[in-house]
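Chemist: Sequence:
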Amino acid sequence: MAVSVPTASQRRNVRQLWTTFALVVLISALLAVAAATTPPAEPVPYDLDGSHPRGLLALRLWLEELGYDVQRPGGLTFAIPENAELLFVYPNRLSYTPTEAETLRAWVEAGHTLVVVGPDQDDGALEQAFGVRVAPEDGYVSEQVQVQPLTPEGQTVYPARWTLLVRTLTLDDAPQAVTVLASRDGRPTVAVQQVGEGVVWHLAPGNGLTNEGLQVGEQGDLLPAFLRTVPSDGAVVFDTYHLYGLSRVGERIVTLQDWLYRTPAGWATLFGLGVVGLYVVLQGRRLGPALVPARELRRREAAEFVEAMANLQRRAHLHAEVATHHRIRLKRGLAQRWPISPDLPDAEFYERLAEVQPPVPAPDLEAIHAVLTGLQAAPTPRALVHLTAKVDEILAR
0 MAVSVPTASQ RRNVRQLWTT FALVVLISAL LAVAAATTPP AEPVPYDLDG
50 SHPRGLLALR LWLEELGYDV QRPGGLTFAI PENAELLFVY PNRLSYTPTE
100 AETLRAWVEA GHTLVVVGPD QDDGALEQAF GVRVAPEDGY VSEQVQVQPL
150 TPEGQTVYPA RWTLLVRTLT LDDAPQAVTV LASRDGRPTV AVQQVGEGVV
200 WHLAPGNGLT NEGLQVGEQG DLLPAFLRTV PSDGAVVFDT YHLYGLSRVG
250 ERIVTLQDWL YRTPAGWATL FGLGVVGLYV VLQGRRLGPA LVPARELRRR
300 EAAEFVEAMA NLQRRAHLHA EVATHHRIRL KRGLAQRWPI SPDLPDAEFY
350 ERLAEVQPPV PAPDLEAIHA VLTGLQAAPT PRALVHLTAK VDEILAR
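The opening residue of the sequence shown carries number 0 in numbering that gives the first Met the number 0; numbering runs sequentially from there.
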């Protein structure tokens, strides 16, 4: 039994198939590793879309349900929207600059409402702008007492929750600030102050109206007090620029480009595409076999056609037909010069030609007679070529 040996082309095709299979396996492995090793996203404190205990999803949905336009300004610079009436500022990843703090204070003085959670000790410019900061001492309050009846719908005493650790505030540099909620020993946890035509609410960390605070901490009693100075059609803005810092500018993934650039699976896909591109380059393939470029074809000239027809006639032994053709061509050319019918027999045509006026020169008559006689006598191919040249010479005179 004969054993077939694979050809070189078949072996090359098999190698290419194995290479392609290896690339597919490699890309699949990269995607699997990226999916398996990607850690779950950690909850971001004060995330407007976060449903975890420290998120602000419940507050945002509540404000939207009340008919307020909730905004989160983006971009690479701090700017307060023109239609903003209420602004929430939470403990920031990006601290306020002195210029930004002055801009914020001027905005409040123009008659707007500001809610500040904190600020912490790292946000010195915001602290100096309003004179309120988080108390440096350690410890948390066990319960909060309503000092001023600014939240009549609320409770007189708010018991502490072990999951909600409430700090206290220092109002030494803000004599206009009024304590609203405080600990049993009088340390303020919520305060309010008039700044120009506007109002600033200061909340100690733990009173930030987070999901957990609204659910179990009864912090929702504070929101009606915040909204008393806000028009019903006003915009409520959360300062996400300082809250998240530059690390979260444009973080939301809304396009395929965002997914490719900002997720491990996207990185693995880009790497796999790069490997495939390198393979294609090394294999010399461009989406299929190379195409031969179209070349301009050289067409035959008239002389080549005439020569080809002459060769065909010669091979077909059609000398007599060729001789007859040139004999008729000679008589028709002469008939255009003198009034003689080209259909006359050669002898009669020659006699009429000898009688025309003005007379034809004797050498020309002899040449014409010799050519007509030679073409009628079935000449050889060589003689036919010579006689044809004579016909062209006579007609050219």
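These aren't lab readings, by the way, just hints derived from the structure by calculation.
Every value quoted in this text rests on a predicted model; they were computed, and no experiment measured them.
Cβ coordinates follow ideal geometry from the N, Cα and C atoms, glycine included.
Check before you lean on any hint, since a few could be wrong.
Listed next, with one range per pair, are the computed distances between beta-carbon atoms [said to hold, decoys possible]: (1) 314 x 18: 29 to 35 Å; (2) 392 x 297: 30 to 36 Å; (3) 80 x 22: 32 to 38 Å; (4) 193 x 262: 56 to 62 Å; (5) 68 x 119: 27 to 33 Å; (6) 65 x 279: 53 to 59 Å; (7) 230 x 184: 36 to 42 Å; (8) 377 x 297: 33 to 39 Å; (9) 183 x 81: 15 to 21 Å; (10) 331 x 377: 41 to 47 Å; (11) 119 x 78: 22 to 28 Å; (12) 331 x 356: 19 to 25 Å.
Chemist: None of the hints should be skipped; say for each whether it holds.
Modeler: Status of each hint after checking the structure:
At about 58 Å, the CB distance of residue 314 to residue 18 disagrees with the hint of 29 to 35 Å. For residue 392 and residue 297, the hinted distance range of 30 to 36 Å is satisfied, since their beta carbons lie about 32 Å from each other. About 50 Å separates the C-beta atoms of residue 80 and residue 22, a value inconsistent with the hinted range of 32 to 38 Å. At about 48 Å, the CB distance of residue 193 to residue 262 disagrees with the hint of 56 to 62 Å.
At about 29 Å, the CB distance of residue 68 to residue 119 agrees with the hint of 27 to 33 Å. Restraint check, residue 65 to residue 279: a C-beta distance of roughly 58 Å satisfies the suggested window 53 to 59 Å. For residue 230 and residue 184, the Cβ-Cβ distance of about 38 Å falls inside the hinted range of 36 to 42 Å, so the restraint holds. Take residue 377 and residue 297: their Cβ atoms lie about 38 Å apart, and the range 33 to 39 Å holds.
Take residue 183 and residue 81: their Cβ atoms lie about 44 Å apart, and the range 15 to 21 Å is violated. Hint check: residue 331 to residue 377, Cβ distance near 21 Å, so the stated range 41 to 47 Å is violated. Between residue 119 and residue 78 the beta carbon distance is about 23 Å. The supplied range of 22 to 28 Å therefore holds. At roughly 21 Å, the beta-carbon separation of residue 331 and residue 356 lies within the given 19 to 25 Å, and the hint holds.
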